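Residue numbers (the working numbering), protein chains in the order written: chain A, 1 to 223; chain B, 224 to 504.
Treat the hints as calculated values from the structure; they're not laboratory data. Remember, predicted model here, so these are calculated numbers, not experimental data. Ideal Cβ placement from N, Cα and C applies to all residues, glycine included. Treat the hints loosely; a few may be bogus.
What the hints assert, rightly or not - Okay, the calculated beta carbon distance ranges per label pair:
#1 B/Ala400 x A/Glu201: 55 to 61 Å
#2 B/Ile474 x A/Asp87: 49 to 55 Å
#3 B/Ile474 x A/Glu51: 45 to 51 Å
#4 A/His132 x B/Gly238: 28 to 34 Å
#5 A/Gly63 x B/Ala400: 41 to 47 Å
Stated by the list, open to error - Calculated Cβ distances over 10 Å to all of chain A for the following chain B residues:
#6 Ile287
#7 Glu302
#8 Glu371
#9 Glu377
#10 Met422
#11 Leu423
#12 Tyr429
#13 Ala477
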Amino acid sequence: MIQVRGISFSFKKGRPIFAGLNLEASPGEFLVLTGHSGSGKTTLLRLLQMEIFPEEGEVNVAGHSSKNINSKKLVSLRRSIGVIFQDFRLINSMTTSENVALTLKVTGVSQKWLAERVLRTMGEIGIANLAHFYPEELSGGEKQKVAIARAIIGKPLLLLADEPTGSLDPEASRGIIGLLRKINIGGTTVLLASHSVSLFEGDRYRILKINNGLLAAHRDNGG
Amino acid sequence: MAVRSKKDSLSGFWGRAVAGCSLIFSFLFLFIIAGRNVMTIADDFRKEMSIQVYFDRAISPEEIAQAQLVIRNMEGISEVKFISSEDALKFMQMEFGSSLFSELQTNPLPPSFEIKLDRDHQALKQVRKTADSLRAIPNVTEVDYAGELLGKVERLRELVIYVGLVFLGLISLAATAVVSNAAQILYFREKEKIEVMRMLGATDFYMARPLIIKGTLIGVISALIAILISLAIYLALGNEFMRIEFVPVEIILAVMGWAGLWGAYGGYSGYARGRKQRISG
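Here chain B stands alone, though its shape is the one from the complex (with noise of 0.2 Å):
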C-alpha cells in the first residue's frame, strides 16, 4: 500500500514536471508558427518589392533601348519591364479616370522601366546599391523604390530572428530548470537508494541514468504535447487566417531531439547537484 502511494505520487510528480515543460514548448511552437508567418510577410513584400527608373521624357527610343541593355547586364536583375509615357497614362486613366486627363495638352508621364531583384539581392543595402548603379544611367531623372518599408521589414525579420535566439536560450533555460530541478527532488527522494546503491559499489553513471532517461523523457513527450497543443491553436484560429502551413515535420522533429538532449542534460544536472549537496552537505 505505502508502495503504492509513493508510486501513485511520483507518478504525479513527472506528470506536473511534463505538464510544465509542455507549457514551455507550447510558447516555444506558437513562437515558430508567429515567427515563421512574420518571415514569410517579409519574404513575399521582398519578392513583390521593384525598382522603378524614370527616364527624361526627351530620350529617344535607341536610347532606351541602350539602358536597357545596361540593366539587363547589371547584377542581381531577374525582370525588366518598360512602361512607356502611353502606356502609364493607359494606367493612370484606369486607376483614376479618364477625365481628369482629358484637359491634358501633353502627356506628362515619363518613360520608365519596372525592375525585379533576384533573391539573392533583396536586402535593403544591395537595393541601394543597384539604385545607385541605375542612377548612374545617362539620362535617368529618377530612382524609385519602397526603401523606408523595406528597411523596415529588414529590421522586423531581423527582430524575429533575434527575439527567436533569446527565446530559444530562455525556453532551454526554463525546461532544463524544470527537468533539473524534478531530477533533483528525485534525487532527494531517492536518496536513501542512491546512497546504498552508492555503498554497493554502483558508478555515477548507472545512478544517473534513471534521471537521465526521466529527463529524455519528460523533454520528448512533452514537445509532443506541446506540438498538439499548438496545432489545437492554430486550427481554432483557422487555417485561412494564417498564411502558412504548420511547423514543418523536420523542424517538430528537431525541437523533439533538442528537447530530449536538454531533458537528458536537466536529468544528470539533478542527479549532479543532488550529489554536491550530498557531499557539501
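Pulled out of the complex, with its shape left as it was, chain A reads as follows (with noise of 0.2 Å):
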C-alpha cells in the first residue's frame, strides 16, 4: 500500500528533515507514527499525501509514484485516500451532513446516492443524530467523529490522521482510537501520526519512531 524509497526532504532554507527514510506498509495494518514535535511526522503524511513532493527518493502511494503524477493522477489519489486532522477541518457554514458529503459530492456522486450513503456512514460512526447540526454545536469528540465520517464515506484505501486526538480528554481520544481500530477492521489501512503512544498498548499495532530524519521500530505489540 505505502512504498517510501530513500527519500530526503527539506523545507526552503530550512535544515533536512528527512535523509534516506524508508517505510513500507502492506494493506490492512494499522501504523502508528510517533516522535518529539517537530520530528516530521506531519511532514511524512504531506509526503504521501503528494501535497508535497521528496528531493530524492520516491513515494509510491496505492500504485501512484511521486515521480511521475500528474494532476488528473493527484486528484485520483486523493479519492483513494482518507485524511484526519488534529482541527477536525471541518466547515463552519455546513452542517455535519453536508460536511460528509463532500467527500462523495466533490467527485460527481448523483444526488440519489448521496443522502442515503451519508446517513449510513454517519450511523456506522455513531453520530446520525448529529446530521443537522452545524460543526460550531458539537464538542471535540464529535467533531472528530465527523471528520471520521467524512475520511471514509469514499471507502479510502487508506487512512491518513494527523494528531487525531491531540486536541481530545482521555475519553474521547479512546472512543476515536476504537472506531478507527473498527476502520481499520474492515480493511482499511491505516496511518496514525501521534507524539503520544499510550493509547496503543495492548493492541496490534506497529508503532514506528521518527528519529533524526530516519524511522526506527519503536515497538511491535502485534507480532
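Assemble the dimeric complex from its two separately framed chains, guided by the hints.
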C-alpha cells in the first residue's frame, strides 16, 4: 500500500527533515508514527498525500508514484486516501451531513445516492443524530467523528490521521482510536501520527518512531 | 447566526463588485452613445458633402454636355447637377438680395456642376482623387470641396475608433481586475473550504466553478445595470437633443456577452491567483 524509498526532504532554507527515509506498509496494516514535536510526522503524511514532494527518493501510495504523478492522477490518489486532522477541518457554514457529503459531492456522485450513503456512514460512526447540527454546536469528540465519517465515506484504501486525538480528552481519545481500529479491521490501511503512544498499548499496532530524519521500530505489539 | 452574518457579508461583498463593474460598464455605454453620435454626424457630413466643378464662362453647351458625360462615367459619382450661370446668379440674388447685382452689366458667375459621391467614395483620399480627375476635364477652371473640414471630420472619426478601442481595452482590464480581485478575496475567505475540497480530491475546475459562475453573473448583471443607468442619463438629456437612437439591441447583447466572458475569466483568474499564492506562500 505504501512504499517510501530513500526520501530526502527539507523546507526552503531549513535543516533537512528526512535523509534517506524508508517505509513500507502492507494493505490492512495499522501503523502508528510517533516522534517528538517537529520530528516530521506531519511532513511525512503530507508527502504521502503528495501535497509536497521529496527532493530525492520515491513515494509510492496505492500504485501512484511521486516520480510520475500528474494533476489528474493526483486527484485520483486523493480520492483513494482519507485524511483526518487534529483541528478537524470541518466547514462551519455546512451542517455535519453536508460536511460528510462533500467527499462524494466533489467526485460527482449523484444526489440520489448521496443522502443514503451519508446517513449510513454517519450511522456506522454513531453520529446519525448529529446530521443537522453545525460543527460549532458539537464537542471535540463529536467533531472528530464527523471528520472520520467524511474521511471514510468514499471507502478509501488508506486512512491518514494526523494527531486525531491531540485536542481531545482521554475518554474521547479512546473512543476515536477504537473507531479507527474498527475501520482498520474492515480492511482500510491506517497510518496515524501521534506524539503519544500510551493509547496504543496492548493492541495490535505497528509503532514507528521518527528520529533524526529516519524511522525505527518503536515497539511491535502484534507480531 | 454566524453563518447568516457571513452570508450577509458575502452578499455585500459581491454587491460592491457588481456596483464597481456597473459603474465601469456605464462609462462604456455612455461612450458608445457619444461615439455613435459623433460617427453619425461625421457620416451625415460625408453624405451631404459635394464637389463644385466650375467651367470657363465661354464654354459651349456641347462642351458642357460632353463634360457631363465624362463626369457621369467616372467611378464613385452618385449625382451630377448642372448649375448654369443664370441659375447661379438667381441663387445669389435670392441669398443676398437682387439690388447687390443690379449694377452688373454681365453675369460674372461661371457654369458649374454640383457632384455627390456614393458611400464608398466619400473618404478624403478618394475625394481628392476624384477632384484631380475632375480638374483634368477640358475647360474646368476650378474644383472646390470642403477638403479641410472633411479632413477634420475624418480625423475625428479615426479618433473615436482609436479611443474606443483603447477605452474598450481599459474597461476590459478594469472589469477583469474588479472581478478577479473579488474572486481572489473570496478564494481567501473560502480558503479552508477550498483546501478541504482539494484534500478530498476535487478537481481545479470543480473548485474554480463557483467563482467562474459568480464572475459571469457579475459581468452580465453589471452590464444590465449599466444599460439602465445609461438609458436614464440618455432620457434625462432628452431624446430630441441626441441625433441618434439609444444603443442598438445587438450591441447591448454583444456587450453583455462580452461582460459575461470577462467576468468568467476574472473569476478563474482570481482562483488561479489565490492558488498560486497558496503554493508559493
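Results for each hint:
Between B/Ala400 and A/Glu201 the beta carbons are some 59 Å apart, a value that agrees with the proposed interval 55 to 61 Å. The hint said 49 to 55 Å for the Cβ distance between B/Ile474 and A/Asp87, and at roughly 53 Å that hint holds. For the pair B/Ile474 and A/Glu51, the beta carbons lie near 48 Å from each other, so the given range of 45 to 51 Å is met. In this structure the hint that A/His132 and B/Gly238 lie 28 to 34 Å apart at CB holds, the actual value being about 30 Å.
Against the hinted window of 41 to 47 Å, the Cβ-Cβ separation of A/Gly63 and B/Ala400 comes to about 44 Å, which satisfies the hint. The beta carbon of B/Ile287 sits about 82 Å from the closest Cβ of chain A, which is more than 10 Å, so the claim that it is off the interface holds. Every Cβ of chain A is farther than 10 Å from the Cβ of B/Glu302; the closest lies at roughly 68 Å, confirming the non-interface assignment. Non-interface call for B/Glu371 relative to chain A: holds, since the shortest CB-CB distance, roughly 64 Å, exceeds 10 Å.
At the 10 Å boundary, the C-beta of B/Glu377 stays outside the reach of chain A, the nearest C-beta of that chain being 54 Å off. Chain A draws B/Met422 into its interface by the beta-carbon criterion, the shortest separation being 6 Å against a cut-off of 10 Å. At roughly 5 Å, the least C-beta separation between B/Leu423 and chain A is not larger than 10 Å, which violates its mark as non-interface. Not every C-beta of chain A lies more than 10 Å from that of B/Tyr429, the closest at about 6 Å, which undercuts listing it as non-interface.
Listed as a non-interface residue, B/Ala477 keeps its Cβ farther than 10 Å from every Cβ of chain A; the least gap is roughly 34 Å.
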